[in-house]
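Enquirer: Please work from the sequences and hints to get the whole structure.
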Amino acid sequence: MSDTDRAAARTVDVTVRAPGSPRPLLAGVSLELAPGERMLVLGPSGSGKSSLVNVLTGVIPFSQNLSVEGAVLLGGADVSELPVVERARRVGAVAQDPAAAVCLARVDDEMALPLENHGVDPSAISGRIDDALGLVGAGGLRERATSALSGGELQRVAMAAALAGLSEGGGIGLAGPTGSPADGGVAGARGTGALGGGGGGGGASAVLLLDEPTSMLDPAGVRAVRGAVARVAERGEVAVLLVEHRLDEFAGEAGARGLPEKALVLDGSGGVVACGPTVEVLAQNAQRLHDAGCWLPLETELLAITGRPGGLDSAEVGEWLRGWLRMRPVATAARSSPVDGPGEGDVEAPDVASVANHDDRDPLLSARSLVVGRPAPGARRSRGRRAPVDAVLAGVDLELPPGEVVALLGANGSGKTSLLLTLAGLLPAAGGAVAGARPSMVFQNPELQFLGHRVRDEIGIGVAGSRDEVAEIVDRQLAVHRLEHVADRDPYRLSGGEKRRLSLAAMLAHADRPVLLADEPAFGLDRRDTVATADVFRTEAARGRAVVFSSHDLRFVATVADRVIVLADGGIAADGPTVTVLRNADVLRRAGLELPPLVAWLLAETAPADPTTPARDVGDVDAVRVLRWLYATGAHPEATAPPLPTAAGTSLEEAAR
Amino acid sequence: MILNPAQVPDSPLARRNPTVKLAVLFLASVALLFVLDPVTPAVIYLAGFIGAAVGGRIPLRTLLAVQLPFFAFAAGVLTINVLSRPGTALWEEGPVRLTVEGLVVGAALAGRTLAIGILSVGFLLTTDSLALMTSLHQNARLGARPSYALMAGHRLLQQLPGEWAVIRAAQSVRAPLRRAGTVRQGTVRQGTVRRGPGAFGRAGFALLVQSIRRGERMAQSLESRGLGLTPRTVWRPVHVTSVDLAFGAVVLAGLATVIGVAGALGLLRGPGALF
Numbered sequence: 000m001s002d003t004d005r006a007a008a009r010t011v012d013v014t015v016r017a018p019g020s021p022r023p024l025l026a027g028v029s030l031e032l033a034p035g036e037r038m039l040v041l042g043p044s045g046s047g048k049s050s051l052v053n054v055l056t057g058v059i060p061f062s063q064n065l066s067v068e069g070a071v072l073l074g075g076a077d078v079s080e081l082p083v084v085e086r087a088r089r090v091g092a093v094a095q096d097p098a099a100a101v102c103l104a105r106v107d108d109e110m111a112l113p114l115e116n117h118g119v120d121p122s123a124i125s126g127r128i129d130d131a132l133g134l135v136g137a138g139g140l141r142e143r144a145t146s147a148l149s150g151g152e153l154q155r156v157a158m159a160a161a162l163a164g165l166s167e168g169g170g171i172g173l174a175g176p177t178g179s180p181a182d183g184g185v186a187g188a189r190g191t192g193a194l195g196g197g198g199g200g201g202g203a204s205a206v207l208l209l210d211e212p213t214s215m216l217d218p219a220g221v222r223a224v225r226g227a228v229a230r231v232a233e234r235g236e237v238a239v240l241l242v243e244h245r246l247d248e249f250a251g252e253a254g255a256r257g258l259p260e261k262a263l264v265l266d267g268s269g270g271v272v273a274c275g276p277t278v279e280v281l282a283q284n285a286q287r288l289h290d291a292g293c294w295l296p297l298e299t300e301l302l303a304i305t306g307r308p309g310g311l312d313s314a315e316v317g318e319w320l321r322g323w324l325r326m327r328p329v330a331t332a333a334r335s336s337p338v339d340g341p342g343e344g345d346v347e348a349p350d351v352a353s354v355a356n357h358d359d360r361d362p363l364l365s366a367r368s369l370v371v372g373r374p375a376p377g378a379r380r381s382r383g384r385r386a387p388v389d390a391v392l393a394g395v396d397l398e399l400p401p402g403e404v405v406a407l408l409g410a411n412g413s414g415k416t417s418l419l420l421t422l423a424g425l426l427p428a429a430g431g432a433v434a435g436a437r438p439s440m441v442f443q444n445p446e447l448q449f450l451g452h453r454v455r456d457e458i459g460i461g462v463a464g465s466r467d468e469v470a471e472i473v474d475r476q477l478a479v480h481r482l483e484h485v486a487d488r489d490p491y492r493l494s495g496g497e498k499r500r501l502s503l504a505a506m507l508a509h510a511d512r513p514v515l516l517a518d519e520p521a522f523g524l525d526r527r528d529t530v531a532t533a534d535v536f537r538t539e540a541a542r543g544r545a546v547v548f549s550s551h552d553l554r555f556v557a558t559v560a561d562r563v564i565v566l567a568d569g570g571i572a573a574d575g576p577t578v579t580v581l582r583n584a585d586v587l588r589r590a591g592l593e594l595p596p597l598v599a600w601l602l603a604e605t606a607p608a609d610p611t612t613p614a615r616d617v618g619d620v621d622a623v624r625v626l627r628w629l630y631a632t633g634a635h636p637e638a639t640a641p642p643l644p645t646a647a648g649t650s651l652e653e654a655a656r
Numbered sequence: 000m001i002l003n004p005a006q007v008p009d010s011p012l013a014r015r016n017p018t019v020k021l022a023v024l025f026l027a028s029v030a031l032l033f034v035l036d037p038v039t040p041a042v043i044y045l046a047g048f049i050g051a052a053v054g055g056r057i058p059l060r061t062l063l064a065v066q067l068p069f070f071a072f073a074a075g076v077l078t079i080n081v082l083s084r085p086g087t088a089l090w091e092e093g094p095v096r097l098t099v100e101g102l103v104v105g106a107a108l109a110g111r112t113l114a115i116g117i118l119s120v121g122f123l124l125t126t127d128s129l130a131l132m133t134s135l136h137q138n139a140r141l142g143a144r145p146s147y148a149l150m151a152g153h154r155l156l157q158q159l160p161g162e163w164a165v166i167r168a169a170q171s172v173r174a175p176l177r178r179a180g181t182v183r184q185g186t187v188r189q190g191t192v193r194r195g196p197g198a199f200g201r202a203g204f205a206l207l208v209q210s211i212r213r214g215e216r217m218a219q220s221l222e223s224r225g226l227g228l229t230p231r232t233v234w235r236p237v238h239v240t241s242v243d244l245a246f247g248a249v250v251l252a253g254l255a256t257v258i259g260v261a262g263a264l265g266l267l268r269g270p271g272a273l274f
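The listed protein sequences derive, respectively, from chains A and B. Residues 0 to 656 (numbering that gives the first Met the number 0) make up the first sequence, in order. Residues 0 to 274 (numbering that gives the first Met the number 0) make up the second sequence, in order.
Hint data in this document are derived by calculation from the structure and do not stem from the laboratory. Keep in mind that the hints are not guaranteed to be accurate.
To give an idea of the interface, some chain B residues facing chain A are shown, with a C-beta separation under 8 Å as derived from the structure [what the hints assert, rightly or not]: (1) 60; (2) 129; (3) 154; (4) 170; (5) 200; (6) 208; (7) 210; (8) 216; (9) 217; (10) 221; (11) 222; (12) 226; (13) 230.
From the three backbone atoms N, C-alpha and C, an ideal C-beta is built for every residue, glycine too.
Expert: This is how it looks when you write it as structure tokens:
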């Protein structure tokens, strides 16, 4: 058998076009995945990463009206003409939205479905369910109702269900001792059409497709998925194709070497830029990927910025970063820096004095002994009494002064979203009170908030003022949030990043809401949009707003937030200046948080020699400044917005003073 | 009730095979279509009521409450027949004329409505919808694709109220504020959200878009897990037990006895009663 025949998945010159659109979604993509091999797909948003996954599963062209040229081969057989369900023998797929990937009411039924579909002997099914769940670290979920699972748990169940099916379709030994010996033979005999030939003996192989599987997970969930991917590949029979944004977290301690061994880079027009061993591909394309706004493993990002390989372990890179740490944010100093100093696109440097002054201002929003909870299931609200609730958080006291960006941290299910909803007045407080002006809030799923049929109308909805005033505000928001090119499009037809920018632009158009709440604003965004979001938050705070956001991305948090509130064990575990809280290993452990290597390195470098040094030490500000420079380097600076007028005609900032 | 099924409580009726129950319900309903006297359906209604209350352990209050639509419909049928059917006058006053035939046929039709109603209610309240789909798939040879598509759809339905609430919240945040401040429970809120009449429509549209997307993704997910491949196996088969068969036989025999006795006593009338 030639190597080509044994490839688990192969595409030959695949081009995908939308009818009537001159620009292809994928342009001549050829790739080859051997059994047991892992491949990472990289590219800026809109580069066709999801299209590639859909071409392999058959969703394109069989469920989506797109034309495909070229050939798709699975296990050596041409499956270009086979529909999704026939390809299921060779392909397992985990979609982006885990809530839509899980279809049945109970986890074990969900897991049994693919096994039943593939005709697994009923006596072996129970054992296989346990194996597949164990592989993704979800063994304890077997008896649970799927409606009660968190996003991270759902994602693991979806992945386990995709794996469970593969173990039969590809004939791999996932079942271990419980698998009946007849299964392999049956699988071979049963295969129909083009897939029958390779079904039997050692040539059997399958491919697992993962489209951003960790986007909704906390660090523990990311670790579980990473471990599962490694274990699946180790078996040597299933190839894994992974689309992933959060490369740094996915790679873990090992850096680029912790990523899948092969990488495919797509450019903005769906063409292949590079394909080969991940370490090499990243090294050769560091600058290009960085400029395109892709997230990169830290090592590669630092290579793109400093031109020096080796990441934080390298003495050269370390020295270079220390040089930045020593550099003071005086514009002339930055410009006169010899070679690689920060460029023009700096995010504004943190200002110690202004941070300290905030404490003296009146808060825009405050909460007193707040109890946050959702109505207990099945509970009816009776007149005059509060509905019984399952309290998620209790005894929450917090104040939000103007000019501050506050991050909410905590593990999945710790109550971040519920707290934001309560602060926004959308979820009634189960106890205590919230006082202040009604805040605005952007939801994790921007589509839920869309009200207009055009982007332009969408921003103007609910904005007070005359027709001309509203038009002026809309135009300004379109420009600031890079939405001018889609101003007349339907909001539902935008890309993921554009939808996020639109929901933020529309919310911020309301000048009468001084507090902005955001639920996971950086989730699923590429580097360019993440940097843009960071910029918007800093700008809005500088204009006198208070910004509160929840996030799992501690680098984003450390870069943007002035202050961090950590939720754990049903209450606030810590509330203080970002760097001070992030230095508290005990709090991080309680909340299940892990510092990304870059943040950990910078904090260690700037750690005060004397641990009793008061907070907001100058060294901490240096660390944050370097983080902001790193974000700004290679990013595309946004136009800054003029001061925000309040109803009285004064800017919020002035009003706050 | 159907959107958010609290687990169906255990009872002798709930333990019966759903397909057998559905078949019994179907046969009984068909048989009742040919019965057009007031007494036979009344006896069957009574038997059905006792069966649902005792065999299904359904609380009386619930049982009566869920029958309200049937009561209303039965009352309508009775009224229309009594007032409009020609025949021997029972009572006459101006344009209003009540007839014996109208009363008899109306009562028969109303009784049939109630009898089929109580049997359906007894079935719905003791049958888990997912168990029904599983059983229909396995015992009644309903194809795997429609069965699982319906079960996935059921999950989609369950999520609807939650999604509706999220969409309403997400959109109400964007509505313009009222000028007046409100003070309540020590909470100072500068302005409350005004809800326009169009908001419902927009939220409905968002929900529709959301549901169609999710349905599409679910369909893809089911397909990519091989739903529709043959042959397929069944992990936890649902069996029709001898108790299920006995249950079906007893109920149908009871029905036949009631109709038979009614016939012997000369009470039974068929569709001929209409003419």
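Enquirer: Look at each hint and say if it fits the structure.
Expert: Verification of the hints:
1. 60: At 15 Å from the nearest chain A Cβ, residue 60 of chain B fails the 8 Å test, so the hint is violated.
2. 129: holds, 6 Å
3. 154: holds, 6 Å
4. 170: Since chain A brings a Cβ to about 6 Å from residue 170 of chain B, closer than 8 Å, the hint holds.
5. 200: violated, 10 Å
6. 208: OK, holds: residue 208 of chain B within 8 Å of chain A, min 6 Å.
7. 210: Since chain A brings no Cβ nearer than about 11 Å to residue 210 of chain B, farther than 8 Å, the hint is violated.
8. 216: holds, 4 Å
9. 217: holds, 5 Å
10. 221: Interface hint status for residue 221 of chain B: holds (6 Å vs cutoff 8 Å).
11. 222: holds, 4 Å
12. 226: holds, 5 Å
13. 230: holds, 5 Å
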